[in-house]
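S.K.: Next come the chains, spelled out residue by residue.
Protein chains: 2
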Amino acid sequence: MNETASGDAITEKTGQEPIFDTVTLIGVGLIGSSIARAIRRRNLARRIVAGVRPGRTANELRELQIVDEIIEDLPAAAAKGDLVIFCTPLGTFASIAEAIGPALKPGAIVSDVGSVKSTVIRDVGPHVPEGRHLVPAHPVAGTEQSGPSAGFAELFDNRWCIITPAPETDLGAVAQVIKFWEGCGSKIEIMTPRHHDLVLAITSHVPHLIAFNIVGTASDLETVTNSEVIKYSAGGFRDFTRIAASDPTMWRDVFLANKDAVLEMLGRFTEDLTALQRAIRWGDGETLYNLFSRTRAIRRQIIDAGQETPKPDFGRHGG
Amino acid sequence: MNETASGDAITEKTGQEPIFDTVTLIGVGLIGSSIARAIRRRNLARRIVAGVRPGRTANELRELQIVDEIIEDLPAAAAKGDLVIFCTPLGTFASIAEAIGPALKPGAIVSDVGSVKSTVIRDVGPHVPEGRHLVPAHPVAGTEQSGPSAGFAELFDNRWCIITPAPETDLGAVAQVIKFWEGCGSKIEIMTPRHHDLVLAITSHVPHLIAFNIVGTASDLETVTNSEVIKYSAGGFRDFTRIAASDPTMWRDVFLANKDAVLEMLGRFTEDLTALQRAIRWGDGETLYNLFSRTRAIRRQIIDAGQETPKPDFGRHGG
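Sequences listed follow chains C and X, in order. If you're matching positions, the first sequence starts at 233 in the numbering used here and goes up one per residue. If you're matching positions, the second sequence starts at 233 in the numbering used here and goes up one per residue.
It should be emphasised that the hints constitute simulated quantities derived from the structure, not laboratory data. Errors might be hidden in some of the hints.
Capping the alpha-carbon separation at 20 Å, the derived lysine to any residue pairs in SDA-like fashion look like this [said to hold, decoys possible]:
(1) X/Lys491 x C/Lys491
(2) C/Lys491 x X/Glu518
(3) C/Lys491 x X/Leu453
(4) X/Lys543 x C/Gly379
(5) C/Lys491 x X/Lys543
(6) C/Lys491 x X/Arg510
(7) C/Lys491 x X/Gly517
Examples of chain C residues toward chain X, derived with CB under 7 Å [claimed, not checked]:
(8) Thr401
(9) Val406
(10) Gln408
(11) Ile410
(12) Lys411
(13) Ile420
(14) Ile422
(15) Val431
(16) Val447
(17) Thr449
(18) Thr455
(19) Phe472
(20) Trp483
(21) Phe487
(22) Gln509
(23) Trp514
Just the calculated beta-carbon pair ranges, DEER-fashion [as the list claims (entries may be wrong)]:
(24) X/Gly357 x C/Glu503: 19 to 25 Å
(25) X/Asn522 x C/Glu454: 15 to 21 Å
(26) X/Thr502 x C/Gly515: 32 to 38 Å
(27) X/Asp492 x C/Glu503: 36 to 42 Å
(28) X/Ser327 x C/Ser381: 53 to 59 Å
(29) C/Arg526 x X/Thr506: 38 to 44 Å
(30) C/Ser381 x X/Asn390: 44 to 50 Å
(31) C/Arg513 x X/Glu362: 35 to 41 Å
(32) C/Thr457 x X/Asp492: 15 to 21 Å
(33) C/Asn458 x X/Glu301: 43 to 49 Å
(34) C/Ala326 x X/Glu454: 17 to 23 Å
(35) C/Gly287 x X/Asp492: 50 to 56 Å
Cβ atoms here follow ideal geometry from the backbone N, Cα and C, with glycine treated the same way.
Can you make the complete structure from the sequences, with help from the hints?
M.R.: Below, the structure is given as structure tokens:
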């Protein structure tokens, strides 16, 4: 095995045995390409195969040289994988699973990186033949950018990866997926798909929905122009545009897939917002002050948990 | 005049004549202390006086050595200023104006940094005697931190400062306030208080309210624990906690002062959110996709306008 000098981040190999012979990535955007880079960084697999549709992504991938083989035929790519990871938007899972299911190797593990987990069981599960193992996973990491060039090996470092296996799943397969994500730098949590979808609805899906929504509201006003919204965005608005710049297809599919949990959490959010609105209308400063003090404490806990940096970022470049 | 070597950021003096003899800051927190540092950086005044109440801020200020004199008596501090800037929460303006009004020098300019402008005219205006000039201003800049130690000289660089003088205001006084904020690094815009308050309601106040609200909602759930919310905050939630960590007193006062515009914008936001909620419930992916594509474009415009950095910041330290 090729032990390269340190300083070459892509091949910073640890010398340990690879966990898988071949990992096949189905779809290679921000997350897929970050996985490819993380695999190379720690030598987690002997070979990385990318299964992509012909087009722009395939060309971009060829230039990036972060995978060993690009196959523009999903079943043919899946047939090579000991671990096959769906890295496409959730809405594609059912049809891709149907297409690649019959091609899967005996003993192969099928996983994914989708932000909703109950639909993975529903859409992919029935297409995984006897003797192959479905172990859904969700690395809670990302950026507002998309496409294979936006990926980087460190994306998963110190982030949580939630694994949601069905109770009857082969424990050996679950253990290998855990080892794989630990190798990518993640910390692991196991939960049920239903609980995962509730947790992510409040920590990720509803925040994104609200961000998309206020950016839309602001751009539709008649009394304030778009150019004013853009000019004065440093007052707080720009923080929302960051997450409202996330991939539209991925997010459309997330909301359609996690409908029940999102509507439940959105109901709570709206109820609370109505109470705040009432406090403002009636000049109830105490209610406002009490909430605002409480939320500040939560920020501190997130920083203490290593999930955020304390650097003052409103000022962006200063400080 | 002392021409220090470059590298000393605080006294990077340009050699130009100061704009004011004495600037008095009434209250010195994040914004006040950033103004003091920006004054020193470009030699915008010969002397900086801080008018503060006895206590923690006064002690912190003494250690920081960013002002020339600390006076724990607001009228006595105001009496020294050629420019007197209110840097306290909006709710204090009326009583402070009443106290310092009679002490103001003939020809003195009174200004502020408040996030709502129509109430400044209402609360401060009546207490400014004949021959003194009220020129309200709002530098659209800040961080999620507070207190004098959190300030820095570059906070206003390339940010907008909105000035909202009444039509009858002395033009010389307005010109001096413009020059002062340009010296602090800001770009200047003039508008009416009413329009300012509408623009800020959508670009700053409602975004903050929503952020405070969702952080509150998340921390009150029974089905998802606080420690789960904190663990998985990298999925989007943590972006909201940043602005929900802003100063509670300041923000209580902003919402009480800008009630009408905030309620108006909040009504629009809620109406749009209800439409999105309906699209999710009925599986209308096209409506979702169209909105999400539109919001991405607005992000690009904000980056192009120099009000944000394109660096992928979900990944925080990577990329």
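S.K.: So, for every hint listed, does it hold in this structure?
M.R.: Each hint tested on the structure:
About 33 Å separates the Cα atoms of X/Lys491 and C/Lys491, which puts this hinted pair outside 20 Å; it is violated. The hinted pair formed by C/Lys491 and X/Glu518 meets the criterion: a straight-line CA distance of about 15 Å does not exceed 20 Å. Taking the CA atoms of C/Lys491 and X/Leu453, the gap is about 18 Å. The hint holds against a cut of 20 Å. Among the hinted pairs, X/Lys543 with C/Gly379 is consistent with the structure: their alpha-carbon atoms are about 15 Å apart, no more than 20 Å.
Taken as a hint, the C/Lys491 and X/Lys543 pair is broken in the structure, with Cα atoms around 31 Å apart against an allowance of 20 Å. For the proposed pair C/Lys491 and X/Arg510, the alpha carbon gap of about 11 Å is at most 20 Å, so the pair holds. The suggested pairing of C/Lys491 with X/Gly517 holds, with an alpha-carbon distance near 12 Å, which does not exceed 20 Å. Nearest Cβ of chain X to the Cβ of C/Thr401: about 22 Å, over the 7 Å cut. The hint is violated.
Of the supplied interface hints, the one on C/Val406 is violated, with its beta-carbon coming no nearer than about 20 Å to a beta-carbon of chain X, more than 7 Å. Violation of the interface hint for C/Gln408 is found here, the shortest Cβ-Cβ separation to chain X being roughly 23 Å, above the 7 Å cut-off. Because the closest C-beta pair between C/Ile410 and chain X is about 17 Å apart, greater than 7 Å, the hint is violated. At its closest, the beta carbon of C/Lys411 sits 21 Å from a beta carbon of chain X; the interface hint therefore is violated under the 7 Å criterion.
Violation of the interface hint for C/Ile420 is found here, the shortest Cβ-Cβ separation to chain X being roughly 12 Å, above the 7 Å cut-off. The closest approach between the C-beta of C/Ile422 and any C-beta of chain X is roughly 13 Å, which is over the 7 Å cut-off, so the hint fails. Against a cut-off of 7 Å between C-beta atoms, the interface hint on C/Val431 holds, since the closest Cβ of chain X lies about 5 Å away. The closest approach between the C-beta of C/Val447 and any C-beta of chain X is roughly 4 Å, which is under the 7 Å cut-off, so the hint is satisfied.
Hint status for C/Thr449: holds, given a least beta-carbon distance of 5 Å to chain X, under 7 Å. This hint holds: C/Thr455 has a C-beta 6 Å from the nearest C-beta of chain X, less than the 7 Å allowed. With a least beta-carbon distance of about 6 Å to chain X, the hint placing C/Phe472 at the interface is held under the 7 Å criterion. Restraint check, C/Trp483 versus chain X: the minimum CB separation of about 5 Å is within 7 Å; hint holds.
Annotation: C/Phe487 was flagged as interfacial toward chain X, and the flag holds, the nearest CB pair being 5 Å apart, inside 7 Å. Restraint check, C/Gln509 versus chain X: the minimum CB separation of about 6 Å is within 7 Å; hint holds. The interface hint given for C/Trp514 is violated, since its Cβ lies 10 Å from the closest Cβ of chain X, which is over the 7 Å cut-off. Range check, X/Gly357 to C/Glu503: about 39 Å between beta-carbon atoms, so the 19 to 25 Å window is missed.
Taken as a hint, the range 15 to 21 Å holds for the pair X/Asn522 and C/Glu454, whose Cβ atoms sit roughly 20 Å apart. The hinted range of 32 to 38 Å is not satisfied by X/Thr502 and C/Gly515, whose Cβ atoms lie roughly 20 Å apart. For X/Asp492 and C/Glu503, the hinted distance range of 36 to 42 Å is not satisfied, since their beta carbons lie about 23 Å from each other. For the pair X/Ser327 and C/Ser381, the beta carbons lie near 57 Å from each other, so the given range of 53 to 59 Å is met.
Judged by the Cβ atoms, the range 38 to 44 Å given for C/Arg526 and X/Thr506 is violated: they are separated by roughly 27 Å. Distance hint check for C/Ser381 and X/Asn390: the Cβ-Cβ separation is about 28 Å, which falls outside the suggested range of 44 to 50 Å. For C/Arg513 and X/Glu362, the Cβ-Cβ distance of about 37 Å falls inside the hinted range of 35 to 41 Å, so the restraint holds. Between C/Thr457 and X/Asp492 the beta carbons are some 20 Å apart, a value that agrees with the proposed interval 15 to 21 Å.
In this structure the supplied range 43 to 49 Å holds for C/Asn458 paired with X/Glu301, their Cβ-Cβ distance being about 45 Å. The hinted window of 17 to 23 Å between C/Ala326 and X/Glu454 is violated, with their beta carbons roughly 33 Å apart. For C/Gly287 and X/Asp492, the hinted distance range of 50 to 56 Å is satisfied, since their beta carbons lie about 51 Å from each other.
Checked against the numbered hints above, the structure violates hints 1, 5, 8, 9, 10, 11, 12, 13, 14, 23, 24, 26, 27, 29, 30 and 34; every other hint is satisfied.
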